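Those sequence lines, one after another, are chains S and D.
The opening residue of the first sequence carries number 7 in our numbering; numbering runs sequentially from there.
The opening residue of the second sequence carries number 3 in our numbering; numbering runs sequentially from there.
Watch out, some of these pointers could steer you wrong.
[As the list claims (entries may be wrong)] Facing chain S, according to a computed beta carbon distance under 10 Å, are these residues of chain D, among others:
1. Gln46
2. Phe70
3. Lys72
4. Ile104
Honestly, the hints are just simulated from the structure, not real lab data.
As the structure is a computational prediction, the values presented were derived from the model and not from experiment.
Glycine included, every Cβ here is placed at the ideal spot set by N, Cα and C.
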Amino acid sequence: KAGVTQTPRYLIKTRGQQVTLSCSPISGHRSVSWYQQTPGQGLQFLFEYFSETQRNKGNFPGRFSGRQFSNSRSEMNVSTLELGDSALYLCASSSAGGPDQPQHFGDGTRLSIL
Amino acid sequence: AQTVTQSQPEMSVQEAETVTLSCTYDTSESDYYLFWYKQPPSRQMILVIRQEAYKQQNATENRFSVNFQKAAKSFSLKISDSQLGDAAMYFCAGTLGTYKYIFGTGTRLKVLA
């Protein structure tokens, strides 16, 4: 089975721009979660989608949004980029997103804001 | 508030020795799940071990075992016979009564040859 695929691997943007990141989960997985990883902060939960619906949301501003398609692929959008948005963005999938289920992570997208 | 705390930013261990990584958490729930994840320098995070809070028996996966103390809200990871390939960032995480994963800030483990 193919793992979780995130594209692109690297992105460089400037302040004020917007960006869209993509995540394809493991085949058959219906839950997709997004995390922001920065040094010293660990992983901060952004949101989780299940069957095209946002089921959980973290404490991030409205500039961070996402969606999930019928094939479970998910996109995350960040508008009006700020320097502090520079981070590794990780996507993780699980079959149903239950609290007992381990997450399967992608390699991440490294976003750098100039 | 539900939190996961890792107080050791960095640890070192000699090859073949044993090391214990600490993790504490806070939740008012009685049923939850705890995890340890490993993130090698290549970045992809992988699951190391999982513990169900309702199980008193500590989880074990080969050289990896946990010491789960529910009353103390402590969940430490023990790595026995450490190998060079164990060098990585280790994250403690929990779904503390919700569907959301809450992660600690991580412990960087260095393995010395």
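Hint check results:
1. The criterion of a C-beta within 10 Å of any C-beta in chain S is met by glutamine 46/D, whose closest approach is roughly 5 Å, and the hint holds.
2. For phenylalanine 70/D, the interface hint is violated, the least distance from its beta-carbon to any beta-carbon of chain S being 15 Å, above 10 Å.
3. Taking 10 Å as the C-beta cut-off, the interface hint given for lysine 72/D is violated, the closest approach to chain S being about 16 Å.
4. The closest approach between the C-beta of isoleucine 104/D and any C-beta of chain S is roughly 7 Å, which is under the 10 Å cut-off, so the hint is satisfied.
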